[in-house]
Amino acid sequence: MSRIAARFAALVSEGRGALIPFVEAFDPDRETSMALLAGMASAGADLIEIGVPFTDPMADGPTIQAAGKRALAAGAKLGRILDMVREFRRADATTPIILMGYLNPILAYGPPRFCADAAGAGVDGLIIVDLPSEEADLIAADAARHGLDIIRLVAPTTDDARLPKVLAGSSGFIYYVSITGITGTRTASEAQLAAAVPRIRRVSPLPIAVGFGVRSPEQAATASRVADGAVVASALIETLAGDLDAEGRARPGTVGKVLAQVRALADAVRAG
Amino acid sequence: MNTPASSIGANSLRSGPDARGRFGAYGGRFVAETLMPLVLAVEEAYRDARADPAFQAELDAYLANYVGRPSPLWFAQRLTERLGGAKIYLKRDELNHTGAHKINSCMGQILLARRMGKTRIIAETGAGQHGVATATVCALFGLPCTVYMGATDVERQKPNVFRMKLLGAEVRAVRSGAATLKDAMNEAMRDWVANVADTYYLIGTVAGPHPYPMMVRDFQSVIGEEAKLQMMQAEGRLPDAAVAAIGGGSNAMGLFHPFLDDAAVRLIGVEAAGHGLETHAHAASLSRGRPGVLHGNMTYLLQDEDGQIEEAHSISAGLDYPGVGPEHAWLHDIGRVEYVAVTDDEALAAFQLLTRTEGIIPALEPAHALAQVAKLAPTLPRDSIILANLCGRGDKDIFTVAEHLGVSL
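Just so you know, the protein sequences line up as chains C and A, in that order.
Quick note on numbering: our numbering labels position 67 of the first sequence as 67, and the sequence is numbered without any gaps.
Quick note on numbering: our numbering labels position 189 of the second sequence as 189, and the sequence is numbered without any gaps.
One chain only, chain C, in its complex shape:
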């Protein structure tokens, strides 16, 4: 069983959903993002998403755009991000790691080699924002060969006729983009989530994580209760960005502040 499947199965027996925090690799530098990655599981993360910076993040709002810019300036490269995962795996063999980003850096790396190296480093799944199901054959076979889940995005605009097509060949879990918009802007209501989630469940048995607009512990609790998991990204990056000094460097307490926020989110998710 993959790490992702094992983790969701364990959560089912615990009777709760997953908290999936997001960390942008190399934001604002490797050391800080590595410390966040290393500390998230013990702060209560059930799965972790690592953001792979791209110069043109078309689905992202200002917060993640700025994070990506800081990360690229700090030398983020796909190979170096896989090194971070390798380092993480030496201490943590079970927490699933999902890379989230855009297609072009993977194309530049070469999909066959990338899938081999990512799986070898301990990555479990990929979320490629600008790779809709229509184009997924570009990487699907390589990913499958190396046991990497391609996590499909479903949006409010994905209608019932389209859903089966989008979810054909998906694995791991389903990422429900809960709003029409970019990251870190609007938030879906509980009623909207309660209407959307059963629509997806009718088509796929995979767990559903809710992302885009999940910010507070209460929202994370709601999303993980209505669905199977909550992804929190921009709210954590805002904490990090707000704590950087005038030169854009992390302060001694920065990592602790972000991890405390992860802990608060995790507590809310655990309380349901």
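No lab work stands behind these hints: they were computed from the structure.
Incorrect hints may have been included.
Stated by the list, open to error - A short list of chain C residues far from chain A (calculated; beta carbon distances all over 12 Å): (1) D142; (2) L193; (3) P205; (4) T239.
What the hints assert, rightly or not - Selected chain A positions facing chain C (Cβ under 10 Å, derived; list incomplete): (5) G28; (6) A32; (7) E33; (8) M36; (9) S176; (10) V193; (11) G292; (12) L294; (13) G296; (14) M298; (15) D304; (16) E311.
Here a beta-carbon is modelled for each residue, glycine too, at the ideal position from N, C-alpha and C.
Starting from the known structure of chain C, arrange chain A on it as the hints suggest.
Okay, now just chain A, sitting in the frame of chain C:
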């Protein structure tokens, strides 16, 4: 005016794209799932419109009576004499309403948006020509319009910014990245994803997710269709070469497409070499880029070894883009179109040459095509013919040109 798709055979170079929106390996629909249903809806609506004679008749009427088509074909006699070789003809798309070829596609797309029941229009713009053309058709039909424009371009294209505002458009300056066309396109896509219900994204070039490269090409092909007829009337034969500037590549695609199956006609696309291809300050994605995915399509891109997109540079804001339309990428690979590049300085020289010899002030974009014509014409016999696309007028560029000539206005 467009050749019906049904009359184009499978062996034609004009039959693309395929059902996945691919020209060879290029094109496709690389957008987030939120946008995918919208992109498919545009495709379906366009397919219906394309097959509807009433849609084409309505478009033709607007092109004739509002845009001012057909645009003339002008024999540039003094330029021909000056260069001392091939006869040079100019397709005068700078005489269209709003002063550039961009209105051809805006007219078609605004009619499509209305047909789809959309009530708000967004667009990206580089030089501001597409923004002005979009703002113009929105004023014509009373639709609210938001134009995204890089802050750098807002600064260097002030007259067009003011024009858009006069026309009632909201111009949003984009400050991310190098604050040019690429960044404006990112921001327009972010707007679209947040306003899916009522908004139509009116893309200005032959790039973006399928069906945009095909659709914009079809609407721009009126340039080449007219030019073909006009060449036959003027000379009784087709030109030996057709030359056009390439940023995203819409004016070039519009000129070239009707000639693709005429193997005797050399087709030459001119990219912006900026400060020189040997520097990193250029916008020559075909000459110096490699394939990748940006803005919804697979195509040649200026990118580093890690797949991060590099900033383009050109004196011409309309060519200052690190990608190119996917059909150009395919035509490059199969060798049907020759792609060359000319520098900022060469374009400036050609700008002045045309102004002095023909009394026509070209935009800096077609000045790149003219610079290539100036290189090519003297190498060809006097009975040969070059057709160049004069896709925009230069009024918007006089401040940029003055600065480079050391003149303060």
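Output the indices of the hints that this structure fails to meet, ascending. Per hint list: zero violations.
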